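Participant: In case you want the letters, here they are:
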Amino acid sequence: MSEKYQVSSSPHVRAKDSTSRVMLYVIIALLPATLFGIWNFGMHALLLILVTIASCLASEWIFDKIVHKKNSLPDLSAVVTGLLLALNLPAGLPWWEAVIGSVFAIVIVKMMFGGLGQNFMNPALGGRCFLLIAFAADMTNFKSSKFEAYSGATPLAMIRNEGLSSINVMDMLTGKIPGTIGETSVIAILIGAMILILLGVITLRIPAAYLITFAVFMLIFGKEPMNANYLVAELCGGGLMLGAFFMATDYVTSPITPGGQIIYGICCGLLTGIFRCFGANAEGVSFAIILSNILVPIIEKFTIPRAFGLAKEAKKNE
Amino acid sequence: MNKYVERLYNGVIKENPTFVLMLGMCPTLAVTSSAINGLGMGLSTLVVLVFSNLLISLFRKVIPNGVRMPAYIVIVASLVTVVQFLMQAYLPSLSKALGVYIPLIVVNCIILGRAESYASKNGPIESIFDGIGMGLGFTMGLTIIGLIREILGAGTFFGLPFLSAIKGFTPITIFIMAPGAFLVLAFLVAGMNIIRKKMEAKGKPLAEPAGCLSGDCAHCGQSALCTGKSAGASDQEQA
Chain A
1458 MSEKYQVSSS
1468 PHVRAKDSTS
1478 RVMLYVIIAL
1488 LPATLFGIWN
1498 FGMHALLLIL
1508 VTIASCLASE
1518 WIFDKIVHKK
1528 NSLPDLSAVV
1538 TGLLLALNLP
1548 AGLPWWEAVI
1558 GSVFAIVIVK
1568 MMFGGLGQNF
1578 MNPALGGRCF
1588 LLIAFAADMT
1598 NFKSSKFEAY
1608 SGATPLAMIR
1618 NEGLSSINVM
1628 DMLTGKIPGT
1638 IGETSVIAIL
1648 IGAMILILLG
1658 VITLRIPAAY
1668 LITFAVFMLI
1678 FGKEPMNANY
1688 LVAELCGGGL
1698 MLGAFFMATD
1708 YVTSPITPGG
1718 QIIYGICCGL
1728 LTGIFRCFGA
1738 NAEGVSFAII
1748 LSNILVPIIE
1758 KFTIPRAFGL
1768 AKEAKKNE
Chain B
153 MNKYVERLYN
163 GVIKENPTFV
173 LMLGMCPTLA
183 VTSSAINGLG
193 MGLSTLVVLV
203 FSNLLISLFR
213 KVIPNGVRMP
223 AYIVIVASLV
233 TVVQFLMQAY
243 LPSLSKALGV
253 YIPLIVVNCI
263 ILGRAESYAS
273 KNGPIESIFD
283 GIGMGLGFTM
293 GLTIIGLIRE
303 ILGAGTFFGL
313 PFLSAIKGFT
323 PITIFIMAPG
333 AFLVLAFLVA
343 GMNIIRKKME
353 AKGKPLAEPA
363 GCLSGDCAHC
373 GQSALCTGKS
383 AGASDQEQA
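Chains as they are written, first to last, in this note's numbering: chain A, 1458 to 1775; chain B, 153 to 391.
Derived from the structure by calculation, the hints contain no laboratory data.
Fair warning: this is a prediction, and the values are worked out from it, not measured in the lab.
Please note that a few of the clues may not be correct.
Said to hold, decoys possible - What follows is a set of in silico ranges between Cβ atoms, one per label pair, in the way DEER data are often shown:
#	chain 1	residue 1	chain 2	residue 2	range
1	B	P255	A	D1628	54 to 60 Å
2	A	A1737	B	P255	29 to 35 Å
3	B	F334	A	S1465	45 to 51 Å
4	B	F334	A	P1551	22 to 28 Å
5	B	S245	A	A1737	27 to 33 Å
6	B	M221	A	G1716	37 to 43 Å
7	B	G311	A	V1673	50 to 56 Å
8	A	T1476	B	M221	53 to 59 Å
Think of the CB as a built atom: it goes at the ideal place given N, C-alpha and C, for glycine as much as any other residue.
Bound conformation, chain A alone:
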């Protein structure tokens, strides 16, 4: 028996989680929505997904080379960014516009601020919002060969313009509606969300706070208050589910304190409700989430847990 003691500093027990593993889980969880999107919108959707992932990887690699940083491709975060960005694009978008969005997401939103972990807002959403402002016509054109019968308007826009009777809530659940590649099928997104929750990648705090706040807001201020059918349609419509489970829960741009996560979710829900009810567009999830991303440092500042043994007075005296 060895008489030697191993002396090492804490931590002594390490979790197996690494950045690349978490990212891999997220990619797996996004697969149902991705596959449904490809099935729903056809080969051009697949092309867009491949283009965004490839250009995200390429721009991250080139940026690393230019600033002499360690190659950060193996952490897979660029793949997640590319995939999430593609899922937020309409299937008919020209491919070169998708490339511009990817480069903006990676270079300006993520790498310029120091790479993964330093970005102040979700890169994929930053890229999407850039495209939304830059190519407003193409980004809101949801016409695709499969859905010409629906005249290309998303259900949210139809509720807004023509009223609740013009849409079919069941189609919104399964996803046979016009929209961006990954947002249409609520069922596929919920399968992915279940995977993330079961694997422990995300907790329910942010999505639950987000969705509940949004639901309450819509029940009170929505176009048809206290109407369950309308509420379900608003919950299933647009990028809300994808945003709540995959974008708002991004580790880098959400608070780490449990209390902060709930406040952050409430912020997302309130802003989404305000944008959808009173904004110029039918959809406001991406802007709501990136605005809440910017609030995160303040939220964290006010929700730092009290260290064990420190009294409240002691904290005040600091």
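Add chain B to chain A, keeping to what the hints say.
Facilitator: Chain B in isolation, oriented as in the chain A frame:
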């Protein structure tokens, strides 16, 4: 280097008001949605700046120190009014495009900054050249920003079809909106910083821009050479 040429070099490169001193950001961001607007704004500022520098330099011994700011403002405002009326008479479309930013030249930091830090301490001829240098630097900055925003955001080059002539080109409209102004300015400032770093590495002297404007003569690298290190700076510190 001739001191007049030095003033021009100082205004365009060394202390470029847009990219180095970061002065006059409000018109820089607001009116540069096209190259012609940027050029027009830059040139009208140039005219006002040259004449205000000349007048303030001529009156510098008459103006009491305590009321120098109101005196400068009166001089600048009269000049701006002249420019505004001339523009309304002869360039009505540009006047409409620049809108409220022409009257706002009165409170442009570059003009008051040069009046305070240069014209009030130097002779009229040098002040004119300082105004020309600074004005050219500002015009250059605004025109470049406007040009880039116009090419990307509208696909035109000084109003002529350029990128938009390519079939299938969709203008990136974000660039003629406010976020585009911030993005383009940020990239140009970054580019200017690279150029300045390379010039410094080659041994060309580039003074810290903060020195003169902050009135902090003690820490200024050119303190020994500086002619403007007069009562003005020490008065400021005491006040």
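Participant: Run every hint past the structure and note whether it holds.
Facilitator: The hints, checked one at a time:
The hinted window of 54 to 60 Å between P255(B) and D1628(A) holds, with their beta carbons roughly 56 Å apart. Taking 29 to 35 Å as the suggested C-beta distance range, the pair A1737(A) and P255(B) conforms, at roughly 31 Å. A hinted range of 45 to 51 Å for the beta carbons of F334(B) and S1465(A) is consistent with their spacing of about 49 Å. For F334(B) and P1551(A), the hinted distance range of 22 to 28 Å is satisfied, since their beta carbons lie about 26 Å from each other.
Distance hint for S245(B) and A1737(A): a CB-CB separation of about 29 Å, consistent with the stated range 27 to 33 Å. The hinted window of 37 to 43 Å between M221(B) and G1716(A) is violated, with their beta carbons roughly 50 Å apart. For the hinted restraint 50 to 56 Å between G311(B) and V1673(A), the CB-CB distance of approximately 52 Å keeps it satisfied. For the pair T1476(A) and M221(B), the supplied restraint of 53 to 59 Å holds, since their beta-carbon distance comes to about 56 Å.
In summary, the one numbered hint that this structure violates is 6.
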